[in-house]
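Trainee: Using the sequences and the hints, build the whole thing.
As you go down the protein sequences, you meet chains A and B in turn. Read in numbering that gives the first Met the number 0, the first sequence has 125 at position 126, and its numbers run on one by one without any break. Read in numbering that gives the first Met the number 0, the second sequence has 203 at position 204, and its numbers run on one by one without any break.
Treat the hints as calculated values from the structure; they're not laboratory data. Glycine is no exception: its CB is placed at the ideal position from the N, C-alpha and C atoms. It is possible that part of the hints are untrue.
To be verified - Residues of chain A placed beyond 12 Å of chain B at every Cβ, according to the derived structure:
1. 87
2. 111
3. 143
4. 239
5. 332
6. 357
7. 397
8. 398
9. 423
To be verified - Within a straight-line C-alpha distance of at most 25 Å, the following computed PhoX-like cross-link-like pairs (lysine-lysine) qualify:
10. 481/B <-> 82/A
11. 185/B <-> 332/A
12. 123/B <-> 250/A
13. 250/A <-> 481/B
14. 249/A <-> 185/B
15. 481/B <-> 249/A
16. 385/B <-> 92/A
17. 196/A <-> 186/A
18. 315/A <-> 481/B
19. 82/A <-> 33/B
20. 332/A <-> 33/B
21. 127/B <-> 92/A
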Amino acid sequence: MTDVTLDSLPVATAPARRDIGIRKRYAAERRFRFYGLAAISVGLIFLAVMLVTIVGKGYTSFMQTSILLPITFDAKVIDPQNKRETDPSVLIKANYPNLARDALATRLGISKDDKPQIAALKGFVSDGVRVQLRDMVVADPSLIGQTRDVWVLAGANIDSAFKGQIDLDVAEGNRKVSDRQVGFIDKLRDEGVMEGKFNTGLFTYGASSRPETSGVGVAIIGSFYMMLIVLLLALPIGVAASIYLEEFAKKSRLTDIIEVNINNLAAVPSIVFGLLGLAIFLNFFGLPRSAPLVGGLVLALLVLPTIIIASRAALKAVPPSIREAALGVGASKQQAVFHHVLPLAMPGILTGTIIGMAHALGETAPLLLIGMVAFIVDVPHGVTDAATVLPVQIFLWSDLPEVGFQAKTSAAIIVLLAFLLIMNGAAILLRKRFERRW
Amino acid sequence: MPMIYYVAVILAIGIVALAVGRQRASAQTRGRDKQHSRPHYHGWWAMLLATIPAILLVVVWSIGSTIYVERHIEAQIPEQTDDSPIASRSLAIGMIHNLADALRRLDAEARANLPATFAELQPKLAAKGAALAPDTQDYMIAIAAGANAESDTLRLTGGVLALILALAGAAYGLRSIHPRAQARNKVERIVLWALLGSSMIAILTTVGIVLSMLFETFHFFSSVSPLSFFFGTVWDPRFAAAGAGDSAGQFGLIPLLAGTLYIALVALLVAVPIGLMSAVYMAEYASRRVRSIVKPALELLAGIPTIVYGIFALVTLGPFLRDLSAALTGGTPFIQAQSIFTAGVVMGIMLIPVVSSLSDDIITAVPRAMRDGSLGLGATRSETIKRVVLPAALPGIVGAILLTASRAIGETMIVVLAAGVAAKLTANPFEAMTTITVKIVNQLTGDLEFNSPQTLVAFALGLTLFAVTLVMNIVALYIVRKYREQYE
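Mentor: Printed below as a string of structure tokens:
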């Protein structure tokens, strides 16, 4: 039968025209495929360009130029009136930068009367040396009168010049570093007493008006406190809410409203949460401005929907047979959930939580509104102290014109991205290791 | 003793109650009828009775006493005048707090006889390692010491009360242990309430957002008419001296709304084609291996904080485009460093993974049978996608685009850094425009009197933003859900 029908079809003339059509259609097919590939490549290229520019700008900040100086703790400079026995504050107020300048002059073989040369030393050593030497002397006053070799930080412009970030072809008057200073740099470098050292200060210092003594250390501590608050609030509340909605709630108007609410909150712009924090936590409850506590509260509300949605998915993935088996041997509903379902859902819940926390760690906008844009020098001692956090520190630095701060901005971004990478990596690992298919 | 220690003691009491209650309950079982609840439920009941009321008391008490002491300090600070030694009240309050903290380091004897002037006090504090601002005033010593004493007394009272409450709760819980007592039901009821309470937080948050913003917005509308806000075309809030007679500015929403929508449009023009095509490729063409590499890489794009995109736009893309346009025209750049185009493109990149992951889900949800039918009729894969899969997925994709658009409208950090602050109406995408979110941030950062229209306008802007995005989200979620139901 089939043979007959096939034979009766007119097929003789078609092939030529159909082939042209096929070729066109296949070309369209190839084009379409190419568009898809191109789209993906565009996305990945943007990603690569962004990461490369940031790392390219920021990596120099992980090194900081230091100079080895033979510092003579001259009693005449530190304590000209010799009253440190009676008044310890002399040691705090002494003119330590002068010590460093004198040591530098000695190192370079400049006589103290050579005014223009001495003037060129201004800004050569970071003003942070004041604190460094002061702390040394206060910790051990017997240093006075002795000479010690000390690594001190170079000034911001000298640091940039040492790293080759300052264009030496520009006329001398228009650049931040004079020819004389460049000569000093070369001399010190040749003697091996000026070199880039790993910038531990980046991870210990706080905000500063000088790039060389500013770091993200204080911001990291602030972020840590804030994340602690977020975790302590969002994880228990999120898990409890998802257990209720997934396991106990009967279908009712209330649960419908809750559900719609959660889905909508997940898509509310983050800045609106900042307004909420400002109006409720700061103005109504009178909590302190700039505190990690308030930031943590706001961000906990912000990530709560994410955690609830992830936790519900994890709970839903646990097969009903587990619950039924538990109920069958006489467990109460809550015993079934808490003893059997929840442990099985935990890896999924934790994965969702970590991803939510990573989101919170990078969030900036709501924190600007609750006053975390403060200039914070000291490590916060608790969740109610004024603090700053990593992304806000990045935002603040990005505003500053100095070359040193631009590099610092990128370095801080690298640190932030490293944290995010670690968190996301942990989430992926957790998912891979404990994921169970039923 | 800080309140946290009291909480620790209360918890310890609770744990003891738990252990003792368990013990008593299992002792009662021996040789008698079966108990209603397992022993540890009796223990938990006693523990809950011991801890919950006491900890609630501690929380309420410490919040109350902190506010009380703070108010008291503020009341004692002399009025701020032009020749005050300390620049602002908040600075003075900060100094008093530092001083109070430092005073706690002194031993009891030294604290009992404090010198009257800060000059005498400073060396003693410095010896304990407390560095204080040198211009701390003499009058602050008395205030700080008083505040310390006050908060110590309050803490002690509150702590003792809480401990008594905890012990009473534990005693009551332990006394009521009885084989017939339905401890499990009671514990489970409390747990269920806690669970319900947690899920109500979502509603509370929404209510909090709406109420707080409505309240401040009404406040704002009492000094600026809603008509001139919603339909005004000039944005010029004028940060004149607060309190000065003629400090009223113009608060026209239109330029901000136009900027917001314009930038969102540019972002969508970038994100939707790229995101959608990547999703199509990933769902229909890519091998499992390619998918397993590319998908996480694109998700990485979604995991990067928006501040990073903003800085990329500000320091790399913006100047690059400006220099490029200068090179093209040979002189004056026609693209400004901060422009709609720059902000829109960078925001578009940020949104690529949003579009692609949402539409990936939607495309893969189209039933296999529809594809097979089309392929079986001789269509090529691209024809199947264009004529069968995408039309079938269209409602879902529209929903995804709406969700993306609401993200674009609410995005803040990228536009704060890359879009500029000048509120003007322009059709040229290479000029700067500003957005609602930028103005919210601008109006609220910096020291401003809270009740001036200049700050309150931020809440009106926030409410507008919230309303717009809410409507978009609800519509989008509705479409997506309807679409999902269609194929389930």
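Trainee: Confirm or reject each hint.
Mentor: Here is how each hint holds up against the structure:
1. 87: 7 Å, violated
2. 111: With a cut-off of 12 Å, residue 111/A remains clear of chain B, as the shortest Cβ separation is near 31 Å.
3. 143: 18 Å, holds
4. 239: The claim breaks: residue 239/A does not keep its Cβ more than 12 Å from every Cβ of chain B (closest is about 4 Å).
5. 332: 8 Å, violated
6. 357: 6 Å, violated
7. 397: Residue 397/A not clear of chain B: closest Cβ-Cβ about 5 Å, inside 12 Å.
8. 398: 9 Å, violated
9. 423: 6 Å, violated
10. 481/B <-> 82/A: 84 Å, violated
11. 185/B <-> 332/A: 14 Å, holds
12. 123/B <-> 250/A: 67 Å, violated
13. 250/A <-> 481/B: 19 Å, holds
14. 249/A <-> 185/B: 20 Å, holds
15. 481/B <-> 249/A: 22 Å, holds
16. 385/B <-> 92/A: 77 Å, violated
17. 196/A <-> 186/A: 18 Å, holds
18. 315/A <-> 481/B: With Cα atoms ~21 Å apart, residue 315/A and residue 481/B stay inside 25 Å; holds.
19. 82/A <-> 33/B: The hint is violated at about 84 Å.
20. 332/A <-> 33/B: 21 Å, holds
21. 127/B <-> 92/A: Satisfied, since the Cα-Cα distance of roughly 18 Å is no more than 25 Å.
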